[in-house]
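Asker: Listed here are the chains, written in short residue letters.
Protein chains: 2
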Amino acid sequence: MNRYFPILGWGRSYTRNQMISDLVAAAIVTIMLVPQSLAYAMLAGLPAEVGLYASMLPLVGYAIFGTSRTLAVGPVAVVSLMTAAALSKLGLSASDYAAAAISLAALSGFILLALGIFRLGFLANFLSHPVIAGFITASGILIAAGQLKNILGIKASGENLIELAKSLGPNLSATNFITLAIGVSATAFLFWVRKGLRPLLSKLGMAPRYAELLAKTGPIFALAATAFVAWFFDLGSHGVKLVGAVPQGLPRVSLPIFSMSLVQNLALPALLISIVGFVESVSVGQTLAAKRRQRIEPDQELIGLGVSNLAASITGGFPVTGGFARSVVNFDAGAETPAAGAFTAIGLAAATVFLTPLLAYLPQATLAATIIVAVLSLVDLSILKRTWNYATSDFAAVAATILLTWGAGVEAGIVAGVVLSILIHLYNSSRPHIAIVGRVAGTEHFRNVKRHNVETHDTLMSMRVDESLYFANARYLEDEISAELANKPDVKNVILVCNAVNDVDFSALESLESINNRLKDAGVKFNLSEVKGPVMDKLQRSGFLPHLTGKVFLSHHIGVEALTSQS
Amino acid sequence: MNRYFPILGWGRSYTRNQMISDLVAAAIVTIMLVPQSLAYAMLAGLPAEVGLYASMLPLVGYAIFGTSRTLAVGPVAVVSLMTAAALSKLGLSASDYAAAAISLAALSGFILLALGIFRLGFLANFLSHPVIAGFITASGILIAAGQLKNILGIKASGENLIELAKSLGPNLSATNFITLAIGVSATAFLFWVRKGLRPLLSKLGMAPRYAELLAKTGPIFALAATAFVAWFFDLGSHGVKLVGAVPQGLPRVSLPIFSMSLVQNLALPALLISIVGFVESVSVGQTLAAKRRQRIEPDQELIGLGVSNLAASITGGFPVTGGFARSVVNFDAGAETPAAGAFTAIGLAAATVFLTPLLAYLPQATLAATIIVAVLSLVDLSILKRTWNYATSDFAAVAATILLTWGAGVEAGIVAGVVLSILIHLYNSSRPHIAIVGRVAGTEHFRNVKRHNVETHDTLMSMRVDESLYFANARYLEDEISAELANKPDVKNVILVCNAVNDVDFSALESLESINNRLKDAGVKFNLSEVKGPVMDKLQRSGFLPHLTGKVFLSHHIGVEALTSQS
Numbered sequence: 001m002n003r004y005f006p007i008l009g010w011g012r013s014y015t016r017n018q019m020i021s022d023l024v025a026a027a028i029v030t031i032m033l034v035p036q037s038l039a040y041a042m043l044a045g046l047p048a049e050v051g052l053y054a055s056m057l058p059l060v061g062y063a064i065f066g067t068s069r070t071l072a073v074g075p076v077a078v079v080s081l082m083t084a085a086a087l088s089k090l091g092l093s094a095s096d097y098a099a100a101a102i103s104l105a106a107l108s109g110f111i112l113l114a115l116g117i118f119r120l121g122f123l124a125n126f127l128s129h130p131v132i133a134g135f136i137t138a139s140g141i142l143i144a145a146g147q148l149k150n151i152l153g154i155k156a157s158g159e160n161l162i163e164l165a166k167s168l169g170p171n172l173s174a175t176n177f178i179t180l181a182i183g184v185s186a187t188a189f190l191f192w193v194r195k196g197l198r199p200l201l202s203k204l205g206m207a208p209r210y211a212e213l214l215a216k217t218g219p220i221f222a223l224a225a226t227a228f229v230a231w232f233f234d235l236g237s238h239g240v241k242l243v244g245a246v247p248q249g250l251p252r253v254s255l256p257i258f259s260m261s262l263v264q265n266l267a268l269p270a271l272l273i274s275i276v277g278f279v280e281s282v283s284v285g286q287t288l289a290a291k292r293r294q295r296i297e298p299d300q301e302l303i304g305l306g307v308s309n310l311a312a313s314i315t316g317g318f319p320v321t322g323g324f325a326r327s328v329v330n331f332d333a334g335a336e337t338p339a340a341g342a343f344t345a346i347g348l349a350a351a352t353v354f355l356t357p358l359l360a361y362l363p364q365a366t367l368a369a370t371i372i373v374a375v376l377s378l379v380d381l382s383i384l385k386r387t388w389n390y391a392t393s394d395f396a397a398v399a400a401t402i403l404l405t406w407g408a409g410v411e412a413g414i415v416a417g418v419v420l421s422i423l424i425h426l427y428n429s430s431r432p433h434i435a436i437v438g439r440v441a442g443t444e445h446f447r448n449v450k451r452h453n454v455e456t457h458d459t460l461m462s463m464r465v466d467e468s469l470y471f472a473n474a475r476y477l478e479d480e481i482s483a484e485l486a487n488k489p490d491v492k493n494v495i496l497v498c499n500a501v502n503d504v505d506f507s508a509l510e511s512l513e514s515i516n517n518r519l520k521d522a523g524v525k526f527n528l529s530e531v532k533g534p535v536m537d538k539l540q541r542s543g544f545l546p547h548l549t550g551k552v553f554l555s556h557h558i559g560v561e562a563l564t565s566q567s
Numbered sequence: 001m002n003r004y005f006p007i008l009g010w011g012r013s014y015t016r017n018q019m020i021s022d023l024v025a026a027a028i029v030t031i032m033l034v035p036q037s038l039a040y041a042m043l044a045g046l047p048a049e050v051g052l053y054a055s056m057l058p059l060v061g062y063a064i065f066g067t068s069r070t071l072a073v074g075p076v077a078v079v080s081l082m083t084a085a086a087l088s089k090l091g092l093s094a095s096d097y098a099a100a101a102i103s104l105a106a107l108s109g110f111i112l113l114a115l116g117i118f119r120l121g122f123l124a125n126f127l128s129h130p131v132i133a134g135f136i137t138a139s140g141i142l143i144a145a146g147q148l149k150n151i152l153g154i155k156a157s158g159e160n161l162i163e164l165a166k167s168l169g170p171n172l173s174a175t176n177f178i179t180l181a182i183g184v185s186a187t188a189f190l191f192w193v194r195k196g197l198r199p200l201l202s203k204l205g206m207a208p209r210y211a212e213l214l215a216k217t218g219p220i221f222a223l224a225a226t227a228f229v230a231w232f233f234d235l236g237s238h239g240v241k242l243v244g245a246v247p248q249g250l251p252r253v254s255l256p257i258f259s260m261s262l263v264q265n266l267a268l269p270a271l272l273i274s275i276v277g278f279v280e281s282v283s284v285g286q287t288l289a290a291k292r293r294q295r296i297e298p299d300q301e302l303i304g305l306g307v308s309n310l311a312a313s314i315t316g317g318f319p320v321t322g323g324f325a326r327s328v329v330n331f332d333a334g335a336e337t338p339a340a341g342a343f344t345a346i347g348l349a350a351a352t353v354f355l356t357p358l359l360a361y362l363p364q365a366t367l368a369a370t371i372i373v374a375v376l377s378l379v380d381l382s383i384l385k386r387t388w389n390y391a392t393s394d395f396a397a398v399a400a401t402i403l404l405t406w407g408a409g410v411e412a413g414i415v416a417g418v419v420l421s422i423l424i425h426l427y428n429s430s431r432p433h434i435a436i437v438g439r440v441a442g443t444e445h446f447r448n449v450k451r452h453n454v455e456t457h458d459t460l461m462s463m464r465v466d467e468s469l470y471f472a473n474a475r476y477l478e479d480e481i482s483a484e485l486a487n488k489p490d491v492k493n494v495i496l497v498c499n500a501v502n503d504v505d506f507s508a509l510e511s512l513e514s515i516n517n518r519l520k521d522a523g524v525k526f527n528l529s530e531v532k533g534p535v536m537d538k539l540q541r542s543g544f545l546p547h548l549t550g551k552v553f554l555s556h557h558i559g560v561e562a563l564t565s566q567s
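Chains R and S, in that order, are what the protein sequence lines are.
First residue of the first sequence? That's 1 in the numbering used here, and the numbers climb one at a time after it.
First residue of the second sequence? That's 1 in the numbering used here, and the numbers climb one at a time after it.
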């Protein structure tokens, strides 16, 4: 039971001191989350209040099922962008769009739950580090570019940089300068809060930790100030777009609707959102857990996030996951258990009840500024330079992910990244490194003749293949052995050094048989050395060994001694 | 030039004796190909004469560009079935269907040419041996099942066994018993020709080689006899379906038509047909070339087959490739150069001119019998047993290929086989074999502690990972090292034995960094041993080595000596 309900673990020994720490952290996170929730709902193409709806019940769900002590769940930038990309191409009316967002959260919840129950969390490993880093960076820039319209007060739309540029360009002349002034000053203020406020507070004598946390509450002041200005000067009638009247109070509980065509359209986006959200969330969770020598359980995390998304869907929200910035704030503010998340949910419920009337005057440009400042901190183009220095294949995967995310949108970008990294891996292993090896004089070690000064024999060819043998490289090995032998007429024995051969599949077995037969026809014996246990077991089962013209040697040294002393 | 026009190689030294051999082989292959060509056109859903059209110019194209001396190109069973599968779902009229077959051949030709020019022949390696074997076997049974309707003289259709069964069942009562009699006797005769005629001819004193070849001409007698019977008894008016009147003479040369929607519908089938055709053709070509110590050049084969398909398309044909049975006959009949193919083309042109009037009376049941007997020789279900004995993963790929080919058709079957073998490979390498190793007493060799009786140390953990480190298994390694260390409190040094690590990608590099940092926090040094040259080069470039808390040892023995003598 404790495995599936981690709350039973920490909940039973919950202390008064832990509760106080959690309440303090929850208060700070609540203040931070109000602007973010509103902003990310706008980014997802939804009414601002939906962001608040998606920040309550999901936190409670995660508190019960999640394994991280400090992860804070809710709408995050990249997932909100992916939600917008999935829904905007369906061409729905505003109410259908909101309903589809609910269905998307439910689908994503079911997918995450299923992955968790069937312990398929390892699937997330196929999203390589560089691809994720490239994708987050590219998405950050794409999101910031997409918010320019709200800063300029013009209309534009697009799912990639090209569409955005085409759509922004013709409307630039319609820029609303009051909106622009609000947007630019909010952006500048928020950047200053991020970079300048903490040092200032420290200089004024505040303890660094409190200075850090107070700085995180900066956005709420930007919201309050710009909403006041908009109300005072009646900016709405001067063309400044405001959030406008929103339904008051808590969301009503409702069930998501699934139509066949909706499920077909949303299945792939829901899968991508689930995997990307899971990977982001787990990496945040692991980073924070390691700092306090705690552990998180990836498969149980899938269940926690799955429940969170189902919770989001029945309360009129949209897809959620564990967020980086809010989790760090929660951690730094001293949260000790997931109860902090539940308290945050209560705080946000109170905010929803009391603040929604005030949202009417909030300029959309302020929310856009909040988004831009938040996402630009995710951008880190150094991944391009680091992978470039390391290996072309990693660089290619990152570059393709970034370019396709910018040029064709988030779904194309992430799919291309995953597919390309798999293809590159397969291509590399389909042309394995194969070396002729010789003995380092006076030792039992064998090294590549091209890299080391080693001893070789005319009648014996020692060949090391640096890869598991499987269908994609089986024929390549056949070709390489034939090619090498063509230049070595005196060879009577070939030894294939198998210390790097971790598996031999059926295709490769057939290739070994064909190599054995061809060498036999040429009067050359085929030997193996340093075959690993699991591979040897398979070869023994296959009936290949009795046909082998040569022998299998435990070590290559023994093989070379045996075969050269004969001749 | 010789590389792209192999004809310039053998053509310049073409002798009179070679020409005589080629002419004899061509005559025998022509007699064999007439029934097969007609039958495979019917299998592809096309008028019988189209099979003859597809057996002329493609042979000439291959003779110029192909590298196999004896490969015979034309319509083959599996590719004809794939053609029918691709076209029948488009719901076209008969004339549009024939036009679409021409476009499919052209598309396939362009794809093959492009693969050849860009030297992408290695892509065919991703079709593993067991998947191909399973696919051919399943297709053979599917083709035979699909011809039952022609043997029974009833109407039925379907692209998989389920659809065929559903479609045949209700019509069984409409069986035409004259058709059935013809079909069954033709099938029995052809099986006898295959199994019984050769021994009989040998017993009658004919040299085995000629007996073998004469037996291959059996089908033409079945055609002639049943056509005569059908004409004599006017069976057409008794409900026996005949081929009927066909246009006389040679095909007119025309260009294929491409509409956007046709290309979209046919692109994937054309790709699959190209790859499957190429793999079949190359394996036949390699088998025959090896017998005479000749070589074929896979990338040039792509060009040869590409030109053949383009030739098929401009002469009103459909997709072609190198066939197994006809190539073996060509080889056994003594063909020495691709000129035999060109002579066969002339023979078939003559047959087309003179025989087409006689086709009017040929029963379709005879062609069905020809197909059934030909394809059942391709069926070899032993691949299931052999892979079952060898490895679950290979068996799973074969079984999925066979079941999906039967249950969902050829395209689903082959795609599932390729995708599943790649996924299985990735899954296996994502959970690599990791062993704690110790020294075999008195040697410098280290082996798995679970398999061998070896020496270990309390302060030193030697761990060997039997796989390249890349994104899919990077995190798994982190987890395994943490898990092992949790049980070994005295360990001060970890050595990762890297002799099986053929590559470290960027994700894995980041994992090594994170392992290094975590071990450092736990007061444990992280060492590497037996790092291969190419991997060492990458690590050196990355800037990881200066942060490594331990050392990199050339051999694991040296590392163990150094680290245990310290403590």
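By construction, these hints were calculated from the structure, which means they are not laboratory data.
Warning: the hint list may mix true and false statements.
Any copy will do: because identical chains look the same in the list, a pair fits if it lies in one copy or spans two.
[Claimed, not checked] Here are the simulated DSBU-like pairs of lysine-lysine, each with C-alpha atoms no more than 35 Å apart in a straight line: (1) Lys450 x Lys525; (2) Lys450 x Lys203; (3) Lys203 x Lys525; (4) Lys241 x Lys492; (5) Lys488 x Lys89; (6) Lys385 x Lys195.
Asker: Against this structure, judge whether each hint is valid.
Answerer: Quick rundown of the hints versus the structure:
no., hint, result
1, Lys450 x Lys525, "both (24 Å within a copy, 32 Å between copies)"
2, Lys450 x Lys203, "neither (62 Å within a copy, 61 Å between copies)"
3, Lys203 x Lys525, "neither (80 Å within a copy, 41 Å between copies)"
4, Lys241 x Lys492, "neither (84 Å within a copy, 63 Å between copies)"
5, Lys488 x Lys89, "neither (63 Å within a copy, 55 Å between copies)"
6, Lys385 x Lys195, "within (25 Å within a copy, 68 Å between copies)"
The structure fails to meet hints 2, 3, 4 and 5 from the earlier list, while all remaining hints are met.
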